[in-house]
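Taken in order, these protein sequences are the chains called L and V. According to my numbering, the first sequence is numbered sequentially starting from 1. According to my numbering, the second sequence is numbered sequentially starting from 1.
The set of hints was computed from the structure by calculation and includes no laboratory data. Each hint should be verified, as a subset may be incorrect.
[Stated by the list, open to error] 30 Å max Cα-Cα, derived BS3-like pairs, lysine-lysine:
#, chain 1, residue 1, chain 2, residue 2
1, V, 57, V, 9
2, L, 113, V, 9
3, L, 55, L, 78
4, V, 57, L, 73
5, V, 57, V, 70
6, L, 113, L, 78
[Claimed, not checked] Covered, in the sense of this in silico footprint (three residues per stretch, anywhere, with C-beta under 8 Å from a C-beta of chain L), are these stretches of chain V:
#, region
7, 40-46
8, 84-95
Each residue gets a CB set at the ideal place from its N, CA and C atoms; glycine is no exception.
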Amino acid sequence: AQTVTQSQPEMSVQEAETVTLSCTYDTSESDYYLFWYKQPPSRQMILVIRQEAYKQQNATENRFSVNFQKAAKSFSLKISDSQLGDAAMYFCAYRANISPDSNYQLIWGAGTKLIIKP
Amino acid sequence: NAGVTQTPKFRVLKTGQSMTLLCAQDMNHEYMYWYRQDPGMGLRLIHYSVGEGTTAKGEVPDGYNVSRLKKQNFLLGLESAAPSQTSVYFCASSPLGDEQFFGPGTRLTVL
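This is chain L alone, in the form it adopts within the complex (with noise of 0.2 Å):
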C-alpha cells in the first residue's frame, strides 16, 4: 500500500529566509502525481503546488518550488523569501494515475507546521 510520510511535525524560519519541507512516500507504481496543500489557520486546503511522476523538471510556482527525487521517493518543498501569511499546516500527498483501480484517491502525510518568524 502507498503511504506518505513527512517527517517534521514542526519547522520554523526567519521571514524572508529559505525554509524545505520533506516529503517521502513509498509505492510500486511508476505513474503518479504529487501534491503539497497548505492549511492556514483558516483552515481552507489550499493547493500549493503539484507534479507529475513522468516529468522530469521540478514544478515551480513563484516563491514555492519542489525537489522531486522518484529514485529516492523524495519530494521536498522549498519556500523562499518566506512571509508570514505562509504560517500554515503544509501537507503532501500522493495520487496514483492508474484508474479504476485507486479511484483518484488522495493518500495524505501527517502535516508539518510552519511557522515564521518576524
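We have chain L; now place chain V onto it with these hints.
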C-alpha cells in the same frame, strides 16, 4: 462561482443524535470526497463518489453514510453520533480526480 461550500460550519451534537452535513459544488465536478481531520493527523477519507448516483467507502467509513443524488451535492450522514466522531470534516471535489478543491470545513463536536 462559489466553489465548494459546506453547511453547517459548526455543530454540537449529543451522543446518539443524528445529523447530515451538506456539501455543494458549482464547478460541475464528477468526483467528490468527504474527509475527517483530527489533531496531529492528516486527512482521512470517509467516503467518496465518482459520479452522480455512485458512492464508495474510503479509509474510515464506519458510522457514516453518504448520498449523491445530484451531481452538485454530496451529503454525509451520521446516524448515531459518538464522541469519537468529534472532528473537522472537509468536503472536496475534483474534475478528473487529480487536483482537489476543498470546502471550508465543518467543526463537529459530539458530547
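Is residue 57 of chain V close enough to residue 70 of chain V, meaning Cα to Cα at most 30 Å?
Holds - the C-alpha atoms of residue 70 of chain V and residue 57 of chain V are around 18 Å apart, at most 30 Å.
Does residue 113 of chain L pair with residue 78 of chain L here, judged by a C-alpha cut-off of 30 Å?
holds (14 Å)
Mind taking a look at whether chain L covers the region 84-95 of chain V? Criterion is 3 or more residues with CB to CB distance under 8 Å.
holds (count 4)
Below or equal to 30 Å on CA atoms is what counts here, so check residue 57 of chain V against residue 73 of chain L.
holds (28 Å)
Does the alpha-carbon distance linking residue 57 of chain V and residue 9 of chain V stay inside the 30 Å limit?
holds (24 Å)
Residue 55 of chain L and residue 78 of chain L were given as a pair; does the straight-line alpha-carbon distance stay at or below 30 Å?
holds (18 Å)
8 Å C-beta test of the region 40-46 of chain V against chain L, three or more residues
holds (count 6)
Quick one, are residue 113 of chain L and residue 9 of chain V close enough, alpha carbons at most 30 Å?
Holds - the C-alpha atoms of residue 9 of chain V and residue 113 of chain L are around 23 Å apart, at most 30 Å.
Checked against the numbered hints above, the structure violates none of them.
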